[in-house]
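Trainee: Chains as they are written, first to last, in our numbering: chain E, 40 to 783; chain L, 40 to 783.
None of these hints come from the bench; they were simulated from the model.
Among the clues, some could well be false.
Given that identical chains are not distinguished, each listed pair holds provided it fits within a single copy or across any two copies.
[Stated by the list, open to error] 20 angstroms max Cα-Cα, derived PhoX-like pairs, lysine-lysine:
{"id": "1", "residue 1": "Lys176", "residue 2": "Lys552"}
{"id": "2", "residue 1": "Lys705", "residue 2": "Lys408"}
{"id": "3", "residue 1": "Lys678", "residue 2": "Lys535"}
{"id": "4", "residue 1": "Lys61", "residue 2": "Lys196"}
{"id": "5", "residue 1": "Lys552", "residue 2": "Lys497"}
2 protein chains.
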Amino acid sequence: MNMMSLKNQPAWRWGARAIIDKSNSLESNPPPHEKFPTVSPRGPTDEAIRAASLSVLSIDMRVTENKNVHHTDTYKGSNLIVRRNTEFTIILKLDRAFNEQQHQVELEFLIGSSPDENKGTYIIVSIGKEKQDSSWKSRVVAMHGNSVMVGITPDAKCIIGRFRIFAVVVSVLGKERTQRNPDTDFYVLFNPWNSEDEVYMDKEEDRQEYVMNEVGTIYNGVHNNITTRSWNFGQFEEGVLDACLTVMDAGNVPLLFRGNATEVVRQASALMNSQGDNGVLVGSWSGDYSSGTAPTAWTGSPEILLKYASEGCVPVCFAQCWVFAGTLNTFVRCLGIPGRVVTNYCSAHDNTGNLKTDIVLDEDGRMDKSRTRDSVWNYHCWNEVFMKRLDLPDQYSGWQVVDCTPQETSDGLFRCGPTSVNAIKEGELSYPFDARFVFAELNSDVIYHKSNKYGKTKIIHVDTSYVGKQLVTKKHDSNDYMDITSSYKYSEASLKERQVMQMAERRGVPSRKYLTLPEAGVEIQIQTNTIKIGDDFRLTMNIKNKSSKACTVIATVTGCVVFYTGITGSDFKLENKKASVQASKTEPVTIDIKAVDYTPHLVEQANLLFVVYGIVEETETPLTTMRVINLQLPELTIKMSGSPRVGSDLLVSVEFTNPYNFPLLKVELRLDGPGLIQTKVKHYSQILPGASVNYTVSIVPRAHGKKVLMACLDCSALRQVTNQLEFEVLKKELVTQGTIRFRS
Amino acid sequence: MNMMSLKNQPAWRWGARAIIDKSNSLESNPPPHEKFPTVSPRGPTDEAIRAASLSVLSIDMRVTENKNVHHTDTYKGSNLIVRRNTEFTIILKLDRAFNEQQHQVELEFLIGSSPDENKGTYIIVSIGKEKQDSSWKSRVVAMHGNSVMVGITPDAKCIIGRFRIFAVVVSVLGKERTQRNPDTDFYVLFNPWNSEDEVYMDKEEDRQEYVMNEVGTIYNGVHNNITTRSWNFGQFEEGVLDACLTVMDAGNVPLLFRGNATEVVRQASALMNSQGDNGVLVGSWSGDYSSGTAPTAWTGSPEILLKYASEGCVPVCFAQCWVFAGTLNTFVRCLGIPGRVVTNYCSAHDNTGNLKTDIVLDEDGRMDKSRTRDSVWNYHCWNEVFMKRLDLPDQYSGWQVVDCTPQETSDGLFRCGPTSVNAIKEGELSYPFDARFVFAELNSDVIYHKSNKYGKTKIIHVDTSYVGKQLVTKKHDSNDYMDITSSYKYSEASLKERQVMQMAERRGVPSRKYLTLPEAGVEIQIQTNTIKIGDDFRLTMNIKNKSSKACTVIATVTGCVVFYTGITGSDFKLENKKASVQASKTEPVTIDIKAVDYTPHLVEQANLLFVVYGIVEETETPLTTMRVINLQLPELTIKMSGSPRVGSDLLVSVEFTNPYNFPLLKVELRLDGPGLIQTKVKHYSQILPGASVNYTVSIVPRAHGKKVLMACLDCSALRQVTNQLEFEVLKKELVTQGTIRFRS
């Protein structure tokens, strides 16, 4: 006899925790028949038996009509898609006329494998004689013959995902349920059109851009030479919505959290990268992408999401920041959360969170690569999502930063955000999530240390304006960028900026006090024109003497190649210069750079970094500056013949000529365009020096309106040669034939 | 020719991320000799060569003297242990007298495998002719012959952990370093005695209890029958400090975070449990603990932490909330963070975070176990830690809740907190970490639903005062509890309480509006005396009629066994009662409970749950209530013979008699007491009915002062029979002998 023996209990009830349902793809459903216990000794009345004999023959989800009302008609696929807190109507076909006084029909909406009325995963609404309280609203809209049209309004906070529907006839005898029918499954999404929804956006033009636009422009290059590439978000493409739900299932996001936009976005920022949780994309900056697709080669997200979902949730190789941001943007827009891709130029990657980026120069004024561990990214892409932050005071609603590029772990997973842009601007960094990290990306100081011959370093210069130079995102109805720097930062050196820094320090940012450094009175700026990759060019150092005395400057200029992450590669140039500068004058000093010197060393995205370390001879005060130069890539041409019209053939050709004296090997050419074609990939084993390739495809536009065709050529020796072509697709030509009758 | 070929770069520099050092046990050290490049064409001067020839022979860490000053003399072990921002002194033994004008000596302090001056993992201080800025302060305290006493003050925010020290003689020729010597390794801890440290505590009596006390009392049982058990925190025991650092290494806590008490505690709350990160303890509530030690059988933390650290960081089996909280308390006190164990009686475990605990009664008024998924724990233990929250506005510093029992994932890992007690009290739930979860544990409403025969449920009663009934923690200098409920909650039904609920709703807690329920005008309370396990007893339901009319109440009483987590087991009693109650009177209704009915069903910790569902016949309004009864366990006696004195033998015996008519099998008896003995475990294969066991051990007290000896008997049929014995250990008897001389 054992007093404390185990009892027979359902497994989920054991221990401290009940089961938490984390999958939208698993399901469990109630039985088709449920018999009630006998009601009275006399048995059911004739009337009761008549009421019981009602049958639901079918459910018409009115897919086309409802999708039009719910702004979901652009989604491909045959199932209904609706948005929260807006009514949709379905038609129940019965075997007899419905009688509200006599009959009782319930509609059940289920999600997941453990539906529970108290958890929002099992919703029951009723029509007929007995009303039931429910978070979803229902009403009889119309009755016609044996059909009833029922209006259903999912509540403004309901879980988003794929729901199952059952119609249940309830009588004194029991419940009779319709059969499980996947055709009547429907999706509920966030609703930016509804003011009760946390993702509500006021203006239709904003919703059109941030929810409905299927293509976008991502900005890269460097801050004074902004370049662009188009991106196919393709959130409405066939299978993309299911893929987004699969991502959440694979990431074990509890269904309970899926009605909360803040939670969905936070989880998604971890799930877009593979680190820690086998998320969608494998980040790689290694230069060797032969085991997958190079980050620079992608043209859009659908290819990535569909590959991930269809191949058993194995992370897709490879991504860098714009691929992460582009894919997350698809994810949020697809689920109905307004989102956009933002580029931060000169983005600090601060390993320590101390708001300092330390650059160590060696004895000779060159960057000491073994001691410089921080870096400033030429640009870094993240996302903004728009939502009410129910968990925060009101003023922190609005745009939120989310960054899914794996940089640092936030609370154990590689993710960052959502964090309020307003809070970042005000230095109010206590609120979740990861505000200090984002603040550092924008507001770090660059500290130049110089070591003497004994290896002892001292700070020679602090640049408080290098980082977070400019933030941009795409304008509405244009591929131009909109400068949104002022939504993140007060202007440099303003009183308000200093107050924000003080606030940030009261919120846990380490105080940044430096010894006062001697003012050199002299500045150096580096200047160039646009330079094509493979060209010789001239660099001008403008030495500006702001003092009232002439001075002599001795400067060391180092040139090295650099990744867009600010990580430096090989040096290719080291030159010493000496110049005398009159009081209040600027003296240009030129340095000639030969293509033969830099081309053998170039790394992805073809950036060169020049670091200048100088000394004013008279005062012995040090000077330093750096500048990244982004070389211009060869051209890719897209041509079209024929006039674009839905359903009509159109010929598109992409042309490229290898301008180099060496062959390009294993070249990948991608062609993409939502509403036009599914991503096409063409492989060339080599393109010989001076040779041209021409890739021509025939496409049949599937939708009218403004469309973008984008092309990207990529190989290990030449990355990210892109171009895009925009054009208007006309509506299908109406061929009027005698046999077709039109309504007048 | 490949333009974009990979360059030779150190591996950690590839990609977006630099290496983050996450281990205090791995190390890399600078070379013993570093030669500088030749300085001048003439070579070094004679003077320079003389300066270079200084040698450091040894470093005396002055362990005993420094430990006394730093309140670390109670830690076992031979290495120095100091606290931040307080000076410690070391003596450098040189081969000649030190000359401050001529010589230059640096002291280097290193932690981890990637020491970096900019990251706080490589600190250099200097004495002699050339000063160097450093976060740690240094000064020459005294010189005597060839020795120099140097005072060193680690900064108030420095990383805590085990540091290595090197002395370096710097000359024009280069650097000469002392050899790596593990004997001079020293530990830096948080410093509650120093007002610059974020864990500063004002009062010495608080520091003595929350940092220095090695034993504590944990409260369990039920809120109206609070029981206690002693716990050996043993934070100063040999090996425990190293084990705590090993826990952080195993959990990959970046060294950079280890100077930040908030981060250390947050990481620790995840690392104490094994879920997700192979942390210290495996939580189990299964009832079958045969593959490890039952949660109820432990007497303290050192046994657990030492087992984890010595057996390759394999999670230790098994724990429930008090074991988690006791072990985390050891961890924080050991590192110098003030901490205490708190018990919350009637702690809601809210799966959905909606602040509702749903109890579903079936048609007959019994708890419907398949539909009741939430539970209220009879009690739940968590920790409080005391610190300044540098990341939050000032008013949220002070005591913080940390809960390492795996209940829900917080941001991907099972952890909770730290969250400010002040913020919880005010309903200011936006700030990190996990405030809403803790708020729910304290403030959830219990909602009673009743289903009709068709399975349709409706709410019949809302109890807003059942949850978070009382919070207690140990008093100073006493085993009695201190009621700290008012530090978490304003009084029930006060204006301030309503305002806090409104604030909580503005911070993301779902609004809790219920339909107004009819007032029954009648209350039921369940009353009992103390009941010994195995006794028959009588339960009294007091039916209180608050109305001015007589009424009749029909009630169903269900009795079932229940785990301390509120998860219910088998029913053993179902009784219907009917009673007439006069206006404004209370009518007692008794129910007799037989031991034979409940004993076969009992589960751990011997709790019974009674649920009453009633109906007032005249008005048809429902009534409901529940109560948990904790049965009293048999006694364990501890006796001592001899007078306790350091270094003298002392006999201790623990006695137990099996009061049952069945044998107790595989019984484990633990004896523990910091400063007295290391944990001893005695196994009995069985104790026959009526048989007694007597376990006698001889112990030799190692330290004087108040000591606690604790015993715990545990087997699967009888859990957690504990007792403790407190006594004063006298100082070692001084045997005065003629040969020993005393200072006057």
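Trainee: Now tell me if each hint is right for this structure.
Mentor: Evaluated hints:
In this homomeric assembly, Lys176 and Lys552 come within 20 angstroms of each other (Cα to Cα) only across copies, at 17 angstroms, whereas the closest approach inside a single copy is 59 angstroms. When the C-alpha separation of Lys705 and Lys408 is checked against a cutoff of 20 angstroms, the pair qualifies neither within a copy, at 32 angstroms, nor between copies, at 63 angstroms. For a Cα distance limit of 20 angstroms, the shortest separation of Lys678 from Lys535 qualifies neither inside one copy, at 51 angstroms, nor across copies, at 71 angstroms. Taking the shortest Cα distances, Lys61 and Lys196 sit within 20 angstroms of each other inside one copy (18 angstroms), while across copies they are farther apart (41 angstroms).
With identical chains, the CA atoms of Lys552 and Lys497 are at most 20 angstroms apart within one copy only, with a shortest distance of 15 angstroms there and 63 angstroms across copies.
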